[in-house]
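For the sequence shown, position 83 (counting from the first letter as 1) is numbered 83 according to this note's numbering, and the numbering increases by one without interruption.
Quick caveat, the hints were computed from the structure, so don't treat them as lab data.
The C-beta atom is built at its ideal place from N, Cα and C for all residues, glycine as well.
A couple of the hints might just be wrong.
Mimicking DSSO-like on lysine-lysine, the simulated pairs with C-alpha atoms at most 27 Å apart in a straight line are [unchecked claim]:
hint, residue 1, residue 2
1, Lys33, Lys47
2, Lys103, Lys33
3, Lys103, Lys47
Derived CB-CB ranges, DEER-like [unchecked claim]:
hint, residue 1, residue 2, range
4, Leu100, Val35, 18 to 28 Å
5, Ile54, Lys103, 30 to 40 Å
6, Leu100, Gly31, 16 to 26 Å
7, Ser106, Leu49, 11 to 21 Å
8, Ile44, Leu100, 16 to 26 Å
9, Ser106, Ile40, 12 to 22 Å
10, Arg105, Gly53, 34 to 44 Å
11, Ile54, Ile104, 29 to 39 Å
12, Ile15, Ile40, 17 to 27 Å
13, Ser106, Gly53, 12 to 22 Å
14, Phe43, Ile104, 31 to 41 Å
15, Leu55, Lys103, 24 to 34 Å
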Amino acid sequence: MEAEFWFDVLGAAAIEGIIFGAVLGLLWSMGSKAVQWFLIGEFILLKWLESRGILTVDWERLTLGIVENSSRALEESLTFAQSFADLGAFGVSSAIGFYLVQKIRS
Numbered sequence: 001m002e003a004e005f006w007f008d009v010l011g012a013a014a015i016e017g018i019i020f021g022a023v024l025g026l027l028w029s030m031g032s033k034a035v036q037w038f039l040i041g042e043f044i045l046l047k048w049l050e051s052r053g054i055l056t057v058d059w060e061r062l063t064l065g066i067v068e069n070s071s072r073a074l075e076e077s078l079t080f081a082q083s084f085a086d087l088g089a090f091g092v093s094s095a096i097g098f099y100l101v102q103k104i105r106s
């Protein structure tokens with residue numbers, strides 16, 4: 001059961017990270033350096049707040065009720081290790097998405 005939870009958390013974080021990394025890669029090539037660093041700092045802060053449970057994303061409202069059962073994972077309190085793993089998987093997949101877009105555009 002615990003392995004399934006980790007797979008669900010890391011799988012969702014990896015998909016979010018790749019999408020975010022690709023979008024960030026496109027914005028990176030278009031924006032100025034000051035805007036780029038501001039966006040990165042803002043995103044890191046918001047993602048950290050979400051992983052610690054301070055900020056909550058209403059996925060059911062965003063997906064119009066398509067994802068009904070995923071709210072169970074959000075109801076569980078995350079320990080420091082879980083939030084660190086989530087942030088790590090998201091960070092690695094964001095870097096991969098960013099790298100892919102940079103390679104494609106160059």
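A quick look at each hint next to the structure:
no., hint, verdict
1, Lys33 - Lys47, "holds, 21 Å"
2, Lys103 - Lys33, "holds, 19 Å"
3, Lys103 - Lys47, "holds, 25 Å"
4, Leu100 - Val35: 18 to 28 Å, "holds, 21 Å"
5, Ile54 - Lys103: 30 to 40 Å, "holds, 35 Å"
6, Leu100 - Gly31: 16 to 26 Å, "holds, 18 Å"
7, Ser106 - Leu49: 11 to 21 Å, "violated, 33 Å"
8, Ile44 - Leu100: 16 to 26 Å, "holds, 20 Å"
9, Ser106 - Ile40: 12 to 22 Å, "holds, 20 Å"
10, Arg105 - Gly53: 34 to 44 Å, "holds, 36 Å"
11, Ile54 - Ile104: 29 to 39 Å, "holds, 35 Å"
12, Ile15 - Ile40: 17 to 27 Å, "holds, 20 Å"
13, Ser106 - Gly53: 12 to 22 Å, "violated, 39 Å"
14, Phe43 - Ile104: 31 to 41 Å, "violated, 21 Å"
15, Leu55 - Lys103: 24 to 34 Å, "holds, 32 Å"
Violated hints, listed in ascending order, are 7, 13, 14; each of the other numbered hints is respected by the structure.
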